[in-house]
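**Student:** Protein chains in written order, with our numbering: chain A, 28 to 363; chain B, 28 to 363; chain C, 318 to 652; chain D, 318 to 652.
Mixed in with the good hints, there may be bad ones.
Below are the SDA-like pairs computed for lysine to any residue, each with C-alpha atoms no more than 20 angstroms apart in a straight line [as the list claims (entries may be wrong)]:
1. B:Lys287 <-> D:Gly360
2. B:Lys224 <-> A:Arg309
3. B:Lys287 <-> D:Leu371
4. B:Lys224 <-> A:Gly264
5. A:Lys46 <-> A:Arg309
6. C:Lys496 <-> A:Ala226
7. A:Lys287 <-> C:Glu353
8. B:Lys224 <-> A:Lys287
9. D:Lys496 <-> B:Val39
10. B:Lys224 <-> A:Asn201
11. B:Lys287 <-> D:Thr367
12. B:Lys287 <-> D:Asp352
13. C:Lys339 <-> C:Thr367
14. B:Lys300 <-> B:Ile289
15. C:Lys339 <-> C:Asp486
Here are the computed distance ranges between Cβ atoms for each label pair [claimed, not checked]:
16. A:Pro343 <-> D:Pro521: 52 to 60 angstroms
17. D:Glu320 <-> B:Ala295: 41 to 49 angstroms
18. A:Arg93 <-> B:Ala295: 46 to 54 angstroms
19. C:Asp632 <-> A:Asp259: 33 to 41 angstroms
20. C:Val506 <-> A:Pro291: 47 to 55 angstroms
By construction, these hints were calculated from the structure, which means they are not laboratory data. Just so it is clear, CB atoms sit at the ideal spot from N, CA and C, and this is done for glycine as well.
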Amino acid sequence: MAATKTASARAVPTEADQKRMFELMVIMKLTDDRLAKGISSGEFLAIYWPHRGQEAIPAALGAVLRPSDHLVTTYRGLHDHIGKGVPVSAIFAELLGKETAPGKGKGGTLHLSYPEVGSMLSTGIVGAGVPVGVGLALSAKQQGLDRVTATMFGDGASNTGSFHESLNMAAVLNVPVVFVCQNNLYGEKTPVEETMKVATVAERSAAYGMPGVRVDGNDPDELFGVLSEAVDRARSGGGPSLVECMTFRFRGHSFGDNMKYIPPEQLAAAQEKDPVPAYARRLVDAGICTGDEIADIEAAATATVDAAVTEAMAAPAPSPDHLRDHVYADDRGMPA
Amino acid sequence: MAATKTASARAVPTEADQKRMFELMVIMKLTDDRLAKGISSGEFLAIYWPHRGQEAIPAALGAVLRPSDHLVTTYRGLHDHIGKGVPVSAIFAELLGKETAPGKGKGGTLHLSYPEVGSMLSTGIVGAGVPVGVGLALSAKQQGLDRVTATMFGDGASNTGSFHESLNMAAVLNVPVVFVCQNNLYGEKTPVEETMKVATVAERSAAYGMPGVRVDGNDPDELFGVLSEAVDRARSGGGPSLVECMTFRFRGHSFGDNMKYIPPEQLAAAQEKDPVPAYARRLVDAGICTGDEIADIEAAATATVDAAVTEAMAAPAPSPDHLRDHVYADDRGMPA
Amino acid sequence: MEEREMTMQQALNLALDQALAKDESVFLLGEDITDEAGGGIVGVTAGLSTKYGLDRVCNTPISEAAIVGAAIGAALDGRRPVAEVMIMDFIGIALDQIANHAAKMRFMTAGRTTSPITVRAAVLSGMGTGATHSQSLEGWFMGIPGLKVVMPSSPADAKGLLTTAIFDDDPVLFIETVKLLGTKGMVPVDEYSIPFGQANIVRPGTDVTIVTYGRGVPESVAAAAELEAEGISVEVVDLRTLLPLDTQTIVESVGRTRRAVVVTYSVRFGGPSAEIAATINEHLFGELAAPVARVGAQFTPIPPASVLEAAHFPDPQRIADAVRRTVGAPSTVGS
Amino acid sequence: MEEREMTMQQALNLALDQALAKDESVFLLGEDITDEAGGGIVGVTAGLSTKYGLDRVCNTPISEAAIVGAAIGAALDGRRPVAEVMIMDFIGIALDQIANHAAKMRFMTAGRTTSPITVRAAVLSGMGTGATHSQSLEGWFMGIPGLKVVMPSSPADAKGLLTTAIFDDDPVLFIETVKLLGTKGMVPVDEYSIPFGQANIVRPGTDVTIVTYGRGVPESVAAAAELEAEGISVEVVDLRTLLPLDTQTIVESVGRTRRAVVVTYSVRFGGPSAEIAATINEHLFGELAAPVARVGAQFTPIPPASVLEAAHFPDPQRIADAVRRTVGAPSTVGS
Ligand SMILES: Cc1ncc(C[n+]2csc(CCOP(=O)(O)OP(=O)(O)O)c2C)c(N)n1
Ligand SMILES: Cc1ncc(C[n+]2csc(CCOP(=O)(O)OP(=O)(O)O)c2C)c(N)n1
Ligand SMILES: [Mg+2]
Ligand SMILES: [Mg+2]
């Protein structure tokens with residue numbers, strides 16, 4: 028089965044890659060923590076779908092992708108955006124609906140895009156981003172660019188017709204895309220076993236004649252190797268592949284989720300494997316970072332997040348006068 | 028790979044089954060021949076999607092299914108309806124748009140249904156019948172009936188999102204349905220190799236944790252065994268399965284198709300394997316039918332088709348006064 | 318009939334409960350609708366899977382096309398499926414099944430097969446959820462022959478109309494407005510149904526008629542109260558169903574007031590208010606004292622930022638302004 | 318500009334050819350559109366894959382949602398994809414991508430990303446293909462902010478409008494009427510474009526204005542010719558685009574004739590004629606000599622039997638009758 032295959036010689040992250048991945052993971056974690064704190068306290072009026080627990084995946088992807096590569100993600104994609112290089116300040120501004128946000132208050136958590144760094148789409152429609160990623164990759168292929176598109180989605184999305192049509196089309200058109208499934212074992216409040224009879228999402232790639240592999244989504248180094256292989260395959264004309272990353276949502280589906288449907292022992296076990304502290308320990312044990320360096324990284328990340336919050340909170344709300352902007356390239360003659 | 032698995036001990040058709048299958052195949056073939064002749068000569072004003080060459084599949088299914096079982100098929104499903112027991116007279120009336128047709132001139136070739144014998148749906152939307160078959164099977168399961176639903180579709184339909192959502196849902200709900208793919212190597216004028224990178228449709232069943240098998244769609248006896256196994260599995264609570272039957276369209280996509288896109292040698296090779304004469308030869312060689320019996324069956328089928336044509340041609344066209352009937356159970360208060 | 322005060326959410330839940338209890342051919346199909354999964358994102362199906370079992374309340378994968386397609390298949394076999402499309406913005410994924418199968422089945426088979434499904438869909442307007450999670454798309458369905466479209470505004474209507482929808486022999490799109498789910502009202506406890514195509518005059522008046530439905534009803538009633546103080550008597554007609562459309566009640570009311578304002582939370586241009594206004598003009602040509610006014614959402618996608626969203630959707634002020642303009646308009650037929 | 322007589326099918330083919338030649342970011346994506354596959358079911362893309370290669374004319378699996386979704390992705394990257402939905406009845410499968418992604422992209426990202434795709438879809442009305450292969454569904458799209466909707470009636474318009482669609486910076490739904498593909502007309506040979514939102518007065522008249530588009534244009538012109546003999550002078554306005562809607566030309570024309578008949582091949586109830594009629598009434602309240610009449614398809618699915626299909630759709634007779642009623646109607650504002 029494709030999912031159990033292991034690659035010949037996989038890329039290994041350099042120490043610089045590892046530090047970078049850790050830095051990204053910390054910023055992702057603190058961003059989620061800060062949102063949770065701010066919303067609970069009433070400081071923030073915002074909605075979001077927490078990524079806490081899933082940091083290792085986009086951190087590794089962020090280290091593997093080039094700035095020129097493209098990313099497509101979902102409502103649960105703030106960590107993915109950070110991995111691709113979207114400024115944290117842009118994220119807070121977007122979630123708080125400020126005039127300074129990339130979407131100027133018209134996008135929101137579900138729809139953050141930041142093409143300046145290749146974050147091309149977030150969608151709130153499950154599965155609907157997958158064909159868009161195929162089109163981005165098709166464009167690169169048509170232009171002879173060596174650009175790769177990575178498309179993030181969840182386990183539940185792999186049951187949508189959109190997923191099927193897209194993976195099949197990507198395989199047939201042989202476009203440079205990597206389908207990255209963040210399998211967090213739930214779709215909203217329904218466990219994955221209830222929505223698919225196969226053991227892995229990865230093996231679904233076989234239906235398209237495409238390689239598929241499942242990987243531990245808590246291990247940045249392992250992820251780096253597996254994602255590098257898929258990205259290199261795409262970049263070198265080898266076509267699409269599917270990478271399933273096993274992970275967990277520590278804060279449930281959307282913020283405020285009581286998580287009653289999650290067995291406490293399952294949550295506890297997942298938190299045991301919290302990728303952020305685990306990776307800190309690894310870096311220290313491997314002598315790649317000292318405890319002080321870890322603390323510095325965390326301090327720097329805290330400063331980044333605090334600055335982003337301060338900036339976003341200070342920013343003005345959008346003006347209703349601009350409601351009709353950006354509906355069309357030219358609004359003349361369009362209905363009111 | 029599921030598709031290459033062969034069953035332990037497969038059901039073998041009785042001589043009665045074999046004769047029945049042959050009779051059905053002949054009626055199917057003559058129905059298509061008569062439509063082709065009538066339309067070419069201008070005698071019939073009708074459109075249809077020829078099934079000529081694909082007779083063995085629904086003939087075997089017809090012998091395997093019970094009258095109480097359900098069938099869902101497509102625009103290319105006249106042979107499927109005949110296999111399920113739809114009167115040939117109803118088919119000609121439907122295609123000629125007569126008042127006596129099951130659809131009274133409101134259905135047409137694309138939409139023939141005949142629930143009296145369990146032919147529940149024909150659809151003109153590729154892939155859209157597949158979830159409907161799942162729902163029919165779900166209904167049987169909810170009612171504790173031992174009824175099976177067989178859903179027919181083509182190779183091209185297996186690329187639709189609807190196919191994916193439906194097979195996955197059928198597997199998860201474990202409903203008594205058999206997905207029967209009539210792989211005739213083309214979707215309209217596009218060869219199957221251009222629309223999927225996998226060698227078989229059957230292996231796609233693995234993505235749903237469902238058995239899948241490919242079978243020679245020209246061999247009624249082989250089909251009988253394979254379809255019996257799938258139908259029995261469904262009936263006994265074993266859940267859904269996918270059966271891919273290899274076949275060919277002798278008359279192209281829709282009647283009038285110039286078939287320029289089909290390599291002559293490919294067509295010739297397929298016609299070499301024409302299932303109807305081949306099965307006649309087998310029945311004679313095996314001593315199951317004499318040449319005279321074969322001739323009698325053909326004569327009887329010709330009589331049936333001729334009678335159906337005569338009846339349909341004599342039938343009145345629908346009256347425009349009935350246009351608004353059957354839009355709602357009760358038309359009162361509805362828009363004009 | 319005994320009545321009890323309850324929210325629209327409780328009324329919908331009770332209607333489903335009573336339908337499931339009454340007829341074993343009724344079942345629910347959708348995403349996250351079981352109690353294990355929280356009983357629906359806003360609790361409308363809470364308690365039902367526990368009470369009736371997972372065969373009657375089926376949790377599904379994220380597969381809207383297959384959810385509605387499977388509901389249609391079960392309906393072909395005589396079942397009365399209630400399929401849920403969690404949020405109306407996702408209904409495009411199932412539109413082919415609704416428009417090409419459910420709505421046309423009876424016609425295409427001259428009545429041999431029918432598809433009496435109910436598709437429930439929730440509208441999240443006014444909650445900051447943005448362009449793909451806030452739309453009122455009922456306009457797409459109003460023009461589909463064979464379908465019926467329902468959008469209740471009160472707990473009692475919600476219960477009576479959902480009951481009618483489930484047992485109606487034609488496919489019904491039943492739209493639930495999340496903003497109204499917490500609204501309380503007196504609701505008959507026992508099973509009852511409200512016929513489709515019977516608009517409800519929720520507030521009588523003499524100067525002008527507001528024709529609306531769903532969220533437009535409470536907002537228009539609020540506007541009417543405000544206008545009352547100014548001496549403008551506003552009649553508010555709650556359509557309850559868009560298809561069928563109760564032309565008779567609309568024309569009777571506007572015939573009396575000679576002034577009409579149509580209020581929807583769907584877009585104004587190309588939305589449901591167009592058909593309603595066109596119908597009024599066809600029936601009352603030359604008898605109106607002012608042009609039919611239409612108040613609807615601006616012709617923009619829906620922004621999540623609260624100030625922008627407030628500017629996008631109608632509100633009592635905008636409704637009241639439209640009424641004032643209509644009442645102030647010069648009459649072209651003496652009086 | 319040099320003109321040549323050609324069919325609408327040839328004009329569409331030429332527009333695609335010239336767009337592909339002019340701009341390498343233009344490409345076609347759809348089912349059976351390559352020459353190997355017959356160059357499209359009605360030949361509109363014939364010759365193009367041979368001329369421009371399979372990278373510019375991509376044959377796809379049967380996957381409408383992915384076809385439009387992939388077009389959107391390529392457009393996000395600055396390409397100008399022309400996606401084909403073979404027959405408009407299948408467009409529901411791609412509606413989520415069109416409505417929730419293509420139309421909203423620019424807005425949701427405040428212009429950072431845009432989706433300048435063209436979606437071509439063919440309408441088969443009047444060809445005996447039945448309920449799921451004959452629908453004019455443009456009404457669904459008229460109410461989608463961010464989208465543009467085009468439906469040409471002549472070879473020259475088809476070429477000019479398709480060119481505009483492909484190079485327009487917003488997503489465009491371009492609807493081709495198969496019944497009109499064989500219509501011949503003089504067409505400028507070189508590249509040219511016709512701006513959206515500019516209706517065309519295809520036939521001047523003084524007594525009544527027929528507002529229509531697509532197949533409604535030739536049928537209305539036929540009715541007008543018949544009425545001419547009776548001394549009724551009919552102006553026929555071809556809208557060309559439904560979104561944007563050329564309200565100015567409509568109001569100017571109906572303002573002159575004081576009588577309007579709106580003709581569509583889409584359903585009359587809940588279809589595009591509702592918005593057009595409502596708009597006319599809003600702008601010309603009190604100035605019309607007769608109620609705005611609407612002629613559309615009956616509110617039934619579309620039957621394949623020729624007698625029934627003929628009864629379902631409008632035709633010159635039914636259009637002429639509506640005009641006669643309108644002209645004969647008593648005027649409520651003296652004259
Ligand atoms: C088409 C569609 N159906 C349903 C929903 C409601 N919904 C939002 S998230 C979600 C679960 C998605 O699960 P998964 O793909 O595993 O992603 P995760 O949320 O776990 O990251 C659902 C059902 C939606 N947004 N879009
Ligand atoms: C959703 C949809 N897309 C496209 C079409 C046009 N179309 C009709 S048949 C067909 C090919 C179907 O191929 P396959 O599934 O292999 O069935 P076959 O015709 O070969 O029996 C296509 C593309 C359609 N009817 N429905
Ligand atoms: Mg998940
Ligand atoms: Mg085929």
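**Student:** Next step is simple, just say for each hint if it's right about the structure.
**Tutor:** Now for the hints, and whether the structure bears them out:
1. B:Lys287 <-> D:Gly360: 14 angstroms, holds
2. B:Lys224 <-> A:Arg309: 41 angstroms, violated
3. B:Lys287 <-> D:Leu371: Holds: Lys287 of chain B and Leu371 of chain D sit about 19 angstroms apart, inside 20 angstroms.
4. B:Lys224 <-> A:Gly264: At roughly 16 angstroms apart (the allowed maximum being 20 angstroms), Gly264 of chain A and Lys224 of chain B satisfy the hint.
5. A:Lys46 <-> A:Arg309: 11 angstroms, holds
6. C:Lys496 <-> A:Ala226: At roughly 40 angstroms apart (the allowed maximum being 20 angstroms), Ala226 of chain A and Lys496 of chain C break the hint.
7. A:Lys287 <-> C:Glu353: 9 angstroms, holds
8. B:Lys224 <-> A:Lys287: Violated, at roughly 43 angstroms.
9. D:Lys496 <-> B:Val39: 52 angstroms, violated
10. B:Lys224 <-> A:Asn201: The hint holds at about 10 angstroms.
11. B:Lys287 <-> D:Thr367: 16 angstroms, holds
12. B:Lys287 <-> D:Asp352: 10 angstroms, holds
13. C:Lys339 <-> C:Thr367: 17 angstroms, holds
14. B:Lys300 <-> B:Ile289: Holds: Lys300 of chain B and Ile289 of chain B sit about 16 angstroms apart, inside 20 angstroms.
15. C:Lys339 <-> C:Asp486: Distance of about 16 angstroms is within 20 angstroms: holds.
16. A:Pro343 <-> D:Pro521: 52 to 60 angstroms: 53 angstroms, holds
17. D:Glu320 <-> B:Ala295: 41 to 49 angstroms: About 47 angstroms separates the Cβ atoms of Glu320 of chain D and Ala295 of chain B, which means 41 to 49 angstroms holds.
18. A:Arg93 <-> B:Ala295: 46 to 54 angstroms: 52 angstroms, holds
19. C:Asp632 <-> A:Asp259: 33 to 41 angstroms: Violated, at about 55 angstroms.
20. C:Val506 <-> A:Pro291: 47 to 55 angstroms: Violated, at about 38 angstroms.
Figure legend: structure checked against the earlier numbered hints; hints not met, in rising order: 2, 6, 8, 9, 19 and 20.
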